[in-house]
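Visitor: In order, the protein sequences belong to chains U and P.
Position 365, counted from 1, in the first sequence is what our numbering calls 365; the numbers after and before it change by one each time, with no gaps.
Position 28, counted from 1, in the second sequence is what our numbering calls 414; the numbers after and before it change by one each time, with no gaps.
Check before you lean on any hint, since a few could be wrong.
Each computed SDA-like pair below joins lysine to any residue, with the alpha-carbon atoms no more than 25 Å apart [claimed, not checked]: (1) P:Lys595 with U:Ala43; (2) U:Lys341 with U:Arg359; (3) P:Lys595 with U:Arg37; (4) P:Lys595 with U:Phe41; (5) P:Lys595 with U:Glu40; (6) P:Lys446 with U:Ala111; (7) P:Lys630 with P:Arg593; (8) P:Lys446 with U:Leu385.
Only part of the chain P face toward chain U is listed, based on derived beta-carbon distances under 8 Å [what the hints assert, rightly or not]: (9) Thr453; (10) Gly455; (11) Ile485; (12) Tyr510; (13) Thr513; (14) Gly514; (15) Gln516; (16) Ala525; (17) Thr528; (18) Thr529; (19) Pro531; (20) Tyr532.
No wet-lab data here; the hints were simulated from the structure.
Backbone N, C-alpha and C fix where the C-beta goes; we use that ideal spot for every residue, glycine too.
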Amino acid sequence: MMEIMEGSHAVAEAVKRCRPEVVSAYPITPQTHIVERLAEFVADGEMESDYLTVDSEFSALSACVGASAAGSRVYSSTSSQGLILMAEVCFNASGMRLPIVMSIANRALGAPLSIWNDQQDSIAMRDSGWFQLYAEDVQELVDYHFLSYRVAEDHNILLPGFVCFDGFILSHTYEPVDIPDQETVDAYLPVFDPYQKLDANDPISMGMYATPDYYMEFRYELDRAMERAAGAIEDAGRAFGEHFGREYGSLVEAYRMDDADTALVAMGSICGTVKDAVDEMRDAGRKVGLLKLRSFRPFPQAEVARALDGVAAVAVLDKNISPGMAMKGAVGLEVRDALWKTGIDVYSYVIGLGGRDVRKKDIAAVADLAESGRGDMFYGLREELI
Amino acid sequence: MSFEDWFREDRLPHIYCTGCGNGTVINCTLEAVEQMGWTVDDTVFISGIGCSSRAPGYIKTDSLHTTHGRALAFATGVKLANPRLHVVVFTGDGDLAAIGGNHFIHACRRNIDLTVVCMNNMIYGMTGGQGSPCTPVGAISTTTPYGAAEPVFDLSELAVTAGANYVARWTSYHVRELTKAVQAGLETPGFSFIEALTQCPTAYGRRNKLRQVSDMVQYLRTSVILVQKIQRMRERGEPVPEDKIPVGEFVRRNRPAMGVQK
Ligand SMILES: Cc1ncc(C[n+]2csc(CCOP(=O)(O)OP(=O)(O)O)c2C)c(N)n1
Ligand code: SF4
Numbered sequence: 001m002m003e004i005m006e007g008s009h010a011v012a013e014a015v016k017r018c019r020p021e022v023v024s025a026y027p028i029t030p031q032t033h034i035v036e037r038l039a040e041f042v043a044d045g046e047m048e049s050d051y052l053t054v055d056s057e058f059s060a061l062s063a064c065v066g067a068s069a070a071g072s073r074v075y076s077s078t079s080s081q082g083l084i085l086m087a088e089v090c091f092n093a094s095g096m097r098l099p100i101v102m103s104i105a106n107r108a109l110g111a112p113l114s115i116w117n118d119q120q121d122s123i124a125m126r127d128s129g130w131f132q133l134y135a136e137d138v139q140e141l142v143d144y145h146f147l148s149y150r151v152a153e154d155h156n157i158l159l160p161g162f163v164c165f166d167g168f169i170l171s172h173t174y175e176p177v178d179i180p181d182q183e184t185v186d187a188y189l190p191v192f193d194p195y196q197k198l199d200a201n202d203p204i205s206m207g208m209y210a211t212p213d214y215y216m217e218f219r220y221e222l223d224r225a226m227e228r229a230a231g232a233i234e235d236a237g238r239a240f241g242e243h244f245g246r247e248y249g250s251l252v253e254a255y256r257m258d259d260a261d262t263a264l265v266a267m268g269s270i271c272g273t274v275k276d277a278v279d280e281m282r283d284a285g286r287k288v289g290l291l292k293l294r295s296f297r298p299f300p301q302a303e304v305a306r307a308l309d310g311v312a313a314v315a316v317l318d319k320n321i322s323p324g325m326a327m328k329g330a331v332g333l334e335v336r337d338a339l340w341k342t343g344i345d346v347y348s349y350v351i352g353l354g355g356r357d358v359r360k361k362d363i364a365a366v367a368d369l370a371e372s373g374r375g376d377m378f379y380g381l382r383e384e385l386i
Numbered sequence: 387m388s389f390e391d392w393f394r395e396d397r398l399p400h401i402y403c404t405g406c407g408n409g410t411v412i413n414c415t416l417e418a419v420e421q422m423g424w425t426v427d428d429t430v431f432i433s434g435i436g437c438s439s440r441a442p443g444y445i446k447t448d449s450l451h452t453t454h455g456r457a458l459a460f461a462t463g464v465k466l467a468n469p470r471l472h473v474v475v476f477t478g479d480g481d482l483a484a485i486g487g488n489h490f491i492h493a494c495r496r497n498i499d500l501t502v503v504c505m506n507n508m509i510y511g512m513t514g515g516q517g518s519p520c521t522p523v524g525a526i527s528t529t530t531p532y533g534a535a536e537p538v539f540d541l542s543e544l545a546v547t548a549g550a551n552y553v554a555r556w557t558s559y560h561v562r563e564l565t566k567a568v569q570a571g572l573e574t575p576g577f578s579f580i581e582a583l584t585q586c587p588t589a590y591g592r593r594n595k596l597r598q599v600s601d602m603v604q605y606l607r608t609s610v611i612l613v614q615k616i617q618r619m620r621e622r623g624e625p626v627p628e629d630k631i632p633v634g635e636f637v638r639r640n641r642p643a644m645g646v647q648k
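Kindly generate the complete structure, drawing on both the sequences and the hints.
Guide: Below, the structure is given as structure tokens:
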């Protein structure tokens with residue numbers, strides 16, 4: 001049934017239906033409404049979970065690691081500084097191959113302090129071994145939670161994952177959203193069946209010391225699992241269609257890309273604005289389209305190359321900055337890598353950092369820049385401040 | 387100069403809610419600093435993240451607004467790099483006792499020459515009222531909708547046990563006492579900890595049947611008991627009320643300290 005709901009509350013409804021046995025989180029804007037609602041569900045007996053009010057994000061994810069290792073489905077959510085504080089534990093969780101799912105309300109990193117949106121936080125965790133999905137709207141955000149648990153817990157994958165969504169833009173706005181009923185979710189997402197767990201009758205140790213003779217192979221296996229995750233996300237996305245009637249069978253979504261000469265590439269809620277901008281540009285006779293990335297890790301290299309085949313110029317909208325890297329935006333670099341040797345021009349535009357608004361006319365201006373061969377730059381700076 | 391000269395007026399209006407107790411605690415602290423004869427050039431204010439931690443932004447001195455929970459670690463660096471600076475830390479119960487708890491006990495143990503003023507409003511104010519390690523058992527917060535169940539930290543007792551040279555607790559109602567306590571902390575070499583129980587009408591009072599600002603101040607006024615009174619009651623063999631929060635000076639001593647200017 002469609003309901004009008006705040007993004008954060010929709011996430012809480014989705015998480016409730018995933019039936020995590022342990023929820024552990026520390027409050028941080030703009031994630032708070034999710035965990036407050038979950039705390040209510042638990043207190044009201046609507047959710048059979050333990051809710052831990054821990055003392056920091058570091059403890060939050062550490063408790064999740066412990067609970068997951070002991071064989072429970074677990075959930076956490078954070079943002080910005082909280083995610084970066086979790087960094088050490090993030091690497092541990094993926095190294096131990098624990099299928100934890102965490103929602104990331106994307107927010108800028110300090111200093112200077114900002115509570116507003118960009119995607120620097122999760123992108124900075126690029127190499128932590130967690131898969132990363134980015135939602136365009138509240139419906140995708142809800143759906144990715146069911147999908148993520150299914151992928152993470154697949155015995156062929158066993159990776160933790162982020163469901164990323166733009167802070168405030170999605171977390172605090174109300175949208176019509178279909179919250180599936182429990183039976184449908186249960187049919188799609190079976191009861192957690194841990195591949196291995198801490199068990200006094202059959203002891204194992206996790207996270208032990210690996211000498212140089214062994215360490216590399218662990219990282220190799222992690223990377224292979226991430227490669228397999230691409231296929232697993234597609235499979236889970238197709239199965240999603242069968243259960244819920246909404247398909248996510250590809251890691252990318254092409255919007256008006258047929259015959260496009262200029263392609264915009266983006267992740268997250270900005271895609272909504274880009275679609276409107278593309279419509280206006282198309283109305284004006286310009287051959288422009290959007291390629292939306294659903295997944296940043298694993299990076300859908302082959303799909304990107306296929307979808308962008310034949311365009312003349314690509315403009316990647318990067319809500320992050322990798323200081324000192326010539327191209328500037330981390331997503332741009334991956335797209336350029338995917339198109340390496342094709343001769344297609346790929347440019348990155350660092351845009352919308354720390355909550356700076358990105359309007360349709362900005363998108364059109366970026367398309368102009370790409371068509372005129374100018375890019376790998378910040379867009380929308382206030383010159384008077386520099 | 388008066389304490390008002392320490393305010394950075396160009397940063398006004400401040401972000402605090404109407405009736406918030408933080409402003410009172412800042413006034414008391416600046417009054418104490420002023421009494422010490424310190425100047426804006428030799429005093430540094432450091433904080434983490436939270437409503438309480440916004441305080442240094444409104445003061446004219448150099449300041450570091452750092453990450454949540456880490457103010458004491460940053461302050462330790464500042465003090466050791468330049469022991470001539472007077473270093474004062476503003477913090478909250480969440481910043482100090484939850485995410486920054488480890489730094490707190492170690493700073494007390496080292497007895498580093500800082501003064502810490504903690505605005506304990508018993509809640510995470512800035513993020514909208516989630517339960518903190520100081521939310522009283524039974525109190526409502528957004529993460530404890532039917533009342534907090536976990537035991538709380540007694541921050542002052544913790545500081546005494548961990549080794550601080552000066553420890554006192556007052557409330558935002560006890561303006562004179564609080565000011566004197568901060569001044570005593572500033573005077574004492576080594577780690578000084580002043581806990582100020584503070585009203586947060588927005589995130590705490592509203593949910594805990596203390597809807598008016600005055601209700602919260604009244605609550606602070608009437609929930610406390612003087613340490614001297616406890617002492618006297620003990621001497622007389624009278625039962626000490628367990629629901630009252632002790633206020634006053636808990637310790638003033640001279641353990642070896644770190645970072646004291648010779
Ligand atoms: C690493 C990290 N986690 C979480 C937050 C979000 N956060 C900001 S302020 C705050 C709590 C503040 O509570 P307290 O320290 O008691 O100060 P108050 O606002 O009540 O004065 C939290 C959790 C953050 N900024 N950084
Ligand atoms: S939320 Fe509470 S602590 Fe923060 S400014 Fe408002 S009253 Fe003060």
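Visitor: If a hint holds in the structure, say so; if it does not, say that too.
Guide: Hint by hint, here is what the structure shows:
| no. | hint | result |
| --- | --- | --- |
| 1 | P:Lys595 with U:Ala43 | holds, 20 Å |
| 2 | U:Lys341 with U:Arg359 | violated, 33 Å |
| 3 | P:Lys595 with U:Arg37 | holds, 21 Å |
| 4 | P:Lys595 with U:Phe41 | holds, 23 Å |
| 5 | P:Lys595 with U:Glu40 | holds, 19 Å |
| 6 | P:Lys446 with U:Ala111 | holds, 20 Å |
| 7 | P:Lys630 with P:Arg593 | holds, 21 Å |
| 8 | P:Lys446 with U:Leu385 | holds, 23 Å |
| 9 | Thr453 | holds, 6 Å |
| 10 | Gly455 | holds, 7 Å |
| 11 | Ile485 | holds, 4 Å |
| 12 | Tyr510 | holds, 6 Å |
| 13 | Thr513 | holds, 4 Å |
| 14 | Gly514 | holds, 6 Å |
| 15 | Gln516 | holds, 4 Å |
| 16 | Ala525 | violated, 13 Å |
| 17 | Thr528 | holds, 4 Å |
| 18 | Thr529 | holds, 4 Å |
| 19 | Pro531 | holds, 5 Å |
| 20 | Tyr532 | holds, 5 Å |
When held up to the earlier numbered hints, the structure conflicts with 2, 16 and fits the remainder.
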